[in-house]
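Turn these sequences into a full structure, and let the hints steer you where they fit.
So my numbering is basically just the index in the sequence shown, starting at one, shifted up by 10.
In case anyone wonders, no lab produced these hints; they're calculated from the structure.
Where a beta carbon is used, it is the ideal one built from N, C-alpha and C, also for glycine.
Treat the hints with care, since some could be wrong.
What the hints assert, rightly or not - Listed next, the in silico DSS-like pairs over lysine-lysine satisfying Cα-Cα at most 27 Å (straight line):
#1 Lys324 <-> Lys291
#2 Lys348 <-> Lys324
#3 Lys61 <-> Lys156
#4 Lys457 <-> Lys524
#5 Lys97 <-> Lys61
#6 Lys185 <-> Lys156
#7 Lys93 <-> Lys61
To be verified - Pairwise CB distance ranges (calculated):
#8 Thr41 <-> Thr272: 25 to 35 Å
#9 Leu283 <-> Glu43: 32 to 42 Å
#10 Tyr436 <-> Arg223: 13 to 23 Å
#11 Asp363 <-> Glu447: 33 to 43 Å
#12 Thr224 <-> Asp86: 48 to 58 Å
#13 Asn197 <-> Thr41: 45 to 55 Å
#14 Arg66 <-> Gly452: 45 to 55 Å
#15 Asp86 <-> Gln461: 58 to 68 Å
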Amino acid sequence: MLPSAEEADRELAAARELARRYRLEFVDLTTAELDYDLIHSHPVELMTRYKFVPLRRENGRLLAAMADPTNLDALDELSAQLKVRIKPAVATRSAIETALRRGDSAQRVLQDATESFRIKLVKETDQGEQDLDLDRLADETAPVIKLVDTIVLTALERRVSDIHIEAYESEVHVKYRIDGALYPAMNPIDASYHQMLISRIKVMSDLDIAERRTPQDGRFRVRVKGRTIDFRVSIIPAAFGENCVIRILDKQQINEAFRELTLNVVGFDPHDLARFRRFIKEPYGMVLVTGPTGSGKTTTLYAALNEIANPEDKIITIEDPIEYQLRGIMQIPVNEKKGLTFARGLRAILRHDPDKVMVGEIRDTETAQIAINAALTGHLVFTTVHANNVIDVIGRFVNMGVEVYNFVSSLNCVLAQRLIRQLCPYCKRQYQPTDQELEEAGLNPSKFRDQVFYEAVGCSECNGTGYRGRTAIHEMLDLTDRIRELILDRRPGSEIRRAAREEGLGSLRESALKKVFAGISTLREINRVTFVE
Numbered sequence: 011m012l013p014s015a016e017e018a019d020r021e022l023a024a025a026r027e028l029a030r031r032y033r034l035e036f037v038d039l040t041t042a043e044l045d046y047d048l049i050h051s052h053p054v055e056l057m058t059r060y061k062f063v064p065l066r067r068e069n070g071r072l073l074a075a076m077a078d079p080t081n082l083d084a085l086d087e088l089s090a091q092l093k094v095r096i097k098p099a100v101a102t103r104s105a106i107e108t109a110l111r112r113g114d115s116a117q118r119v120l121q122d123a124t125e126s127f128r129i130k131l132v133k134e135t136d137q138g139e140q141d142l143d144l145d146r147l148a149d150e151t152a153p154v155i156k157l158v159d160t161i162v163l164t165a166l167e168r169r170v171s172d173i174h175i176e177a178y179e180s181e182v183h184v185k186y187r188i189d190g191a192l193y194p195a196m197n198p199i200d201a202s203y204h205q206m207l208i209s210r211i212k213v214m215s216d217l218d219i220a221e222r223r224t225p226q227d228g229r230f231r232v233r234v235k236g237r238t239i240d241f242r243v244s245i246i247p248a249a250f251g252e253n254c255v256i257r258i259l260d261k262q263q264i265n266e267a268f269r270e271l272t273l274n275v276v277g278f279d280p281h282d283l284a285r286f287r288r289f290i291k292e293p294y295g296m297v298l299v300t301g302p303t304g305s306g307k308t309t310t311l312y313a314a315l316n317e318i319a320n321p322e323d324k325i326i327t328i329e330d331p332i333e334y335q336l337r338g339i340m341q342i343p344v345n346e347k348k349g350l351t352f353a354r355g356l357r358a359i360l361r362h363d364p365d366k367v368m369v370g371e372i373r374d375t376e377t378a379q380i381a382i383n384a385a386l387t388g389h390l391v392f393t394t395v396h397a398n399n400v401i402d403v404i405g406r407f408v409n410m411g412v413e414v415y416n417f418v419s420s421l422n423c424v425l426a427q428r429l430i431r432q433l434c435p436y437c438k439r440q441y442q443p444t445d446q447e448l449e450e451a452g453l454n455p456s457k458f459r460d461q462v463f464y465e466a467v468g469c470s471e472c473n474g475t476g477y478r479g480r481t482a483i484h485e486m487l488d489l490t491d492r493i494r495e496l497i498l499d500r501r502p503g504s505e506i507r508r509a510a511r512e513e514g515l516g517s518l519r520e521s522a523l524k525k526v527f528a529g530i531s532t533l534r535e536i537n538r539v540t541f542v543e
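Below is the structure:
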């Protein structure tokens with residue numbers, strides 16, 4: 011875990027004092043430009059074991075930033091291993107660890123693991139919890155275990171949400187999903203090692219190694235530097251063997267952020283934020299959030315619940331699954347194997363005297379009908395449904411067979427949401443798009459030619475992606491009397507949208523363009539996520 015600001019200051023002061031006492035150079039690795047070609051030419055195991063970062067070669071010696079240059083035995087051992095005289099400099103231990111884990115060096119760890127991936131079949135045993143630690147990778151004897159551990163550990167260091175292992179005819183690809191986009195994690199592995207890799211993951215997840223023709227789902231848990239992290243595993247058979255996706259659920263880390271989560275950090279436009287806050291404070295009705303899987307709907311609802319939670323109200327949620335625990339709110343997980351569906355759970359919740367209810371997702375007519383009735387009988391209901399935009403939601407409910415009058419009467423607002431990647435603040439660069447790029451983005455070149463745009467570059471802070479973190483874009487439909495009448499008359503969606511536009515409805519595309527003009531994202535990113543209007 012990262013040291014606190016006070017601990018970091020103490021560590022920095024001690025390192026500077028050490029450099030002054032022994033008349034050595036002090037190097038601040040957080041701001042220094044590192045030579046990654048030089049770093050890549052040195053074994054990762056040695057840099058990890060002796061806690062050093064090579065900086066440059068000068069006069070036949072290697073200048074290396076070290077946490078403890080006073081350890082002469084270690085210095086002699088390192089000189090003998092590298093066959094070069096070492097000129098030590100001083101850096102903090104945490105800065106060295108960050109440098110070794112960051113960006114290109116993390117990629118080098120994976121490359122080293124695959125370069126030594128020449129293995130024979132090893133005996134596998136069922137090990138409940140695995141303690142992963144970078145320091146022990148050099149001592150691990152089974153290459154397949156070393157490879158899996160390294161993939162997982164590097165994913166944790168690089169803010170990865172999912173690990174994808176994909177089998178092709180002659181090779182296996184490992185990819186990381188970072189901020190919603192997939193990136194290669196390492197060089198492709200020869201296909202002959204594919205089954206060993208999958209078998210290792212199956213053993214960790216307590217799955218059937220012999221079964222290769224049907225999908226399997228499992229989970230495992232690891233402890234890394236004092237915190238416990240859950241991993242959800244899904245394995246499916248494909249044309250060239252089994253493919254695997256591992257979802258990372260770092261609940262301990264996220265829960266700390268969620269305790270103070272508010273709508274201010276979700277990415278709302280100030281005007282939409284004020285309107286949405288008004289709707290979530292209504293005494294009853296339904297607040298509906300829509301968008302595809304992974305668009306941040308649950309995060310928005312959690313933020314809303316955090317803001318309105320108070321000791322006077324009872325708030326109950328039913329979710330599949332419970333992603334994060336919220337303080338002061340009763341949360342119920344769906345368990346379809348035991349018969350606890352959204353509909354059955356929602357019925358039970360309404361007998362439990364709630365003031366406000368959150369339904370994780372409306373999937374069927376029965377759940378929709380119960381949620382609507384709850385909103386009509388004095389409860390404030392938060393829920394999500396999968397639809398492309400705020401107008402499509404109406405058609406989705408009508409097609410479910412719900413009574414349109416009741417649905418329209420219960421609805422307070424519909425919020426559609428997507429996530430777009432934010433530019434890395436350390437390396438983003440101003441640029442001028444061509445007229446063709448502006449036209450492809452639906453912008454008039456004569457009007458927007460002088461607008462300031464930024465592009466993604468890539469640096470060690472963002473692992474070379476050019477982006478760091480994501481923010482949400484929104485469109486929100488306010489159910490005015492005119493809109494309600496059009497829905498009750500079953501008018502076409504295009505007519506409802508025109509009327510809503512006249513009353514101030516913005517689009518997802520307009521919300522995304524505001525992020526671009528503010529220097530938060532890029533034209534290329536919003537073209538990936540939204541349609542050009």
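Quick rundown of the hints versus the structure:
no.: 1; hint: Lys324 <-> Lys291; verdict: 14 Å, holds
no.: 2; hint: Lys348 <-> Lys324; verdict: 26 Å, holds
no.: 3; hint: Lys61 <-> Lys156; verdict: 20 Å, holds
no.: 4; hint: Lys457 <-> Lys524; verdict: 15 Å, holds
no.: 5; hint: Lys97 <-> Lys61; verdict: 14 Å, holds
no.: 6; hint: Lys185 <-> Lys156; verdict: 17 Å, holds
no.: 7; hint: Lys93 <-> Lys61; verdict: 18 Å, holds
no.: 8; hint: Thr41 <-> Thr272: 25 to 35 Å; verdict: 32 Å, holds
no.: 9; hint: Leu283 <-> Glu43: 32 to 42 Å; verdict: 40 Å, holds
no.: 10; hint: Tyr436 <-> Arg223: 13 to 23 Å; verdict: 47 Å, violated
no.: 11; hint: Asp363 <-> Glu447: 33 to 43 Å; verdict: 57 Å, violated
no.: 12; hint: Thr224 <-> Asp86: 48 to 58 Å; verdict: 57 Å, holds
no.: 13; hint: Asn197 <-> Thr41: 45 to 55 Å; verdict: 31 Å, violated
no.: 14; hint: Arg66 <-> Gly452: 45 to 55 Å; verdict: 49 Å, holds
no.: 15; hint: Asp86 <-> Gln461: 58 to 68 Å; verdict: 60 Å, holds
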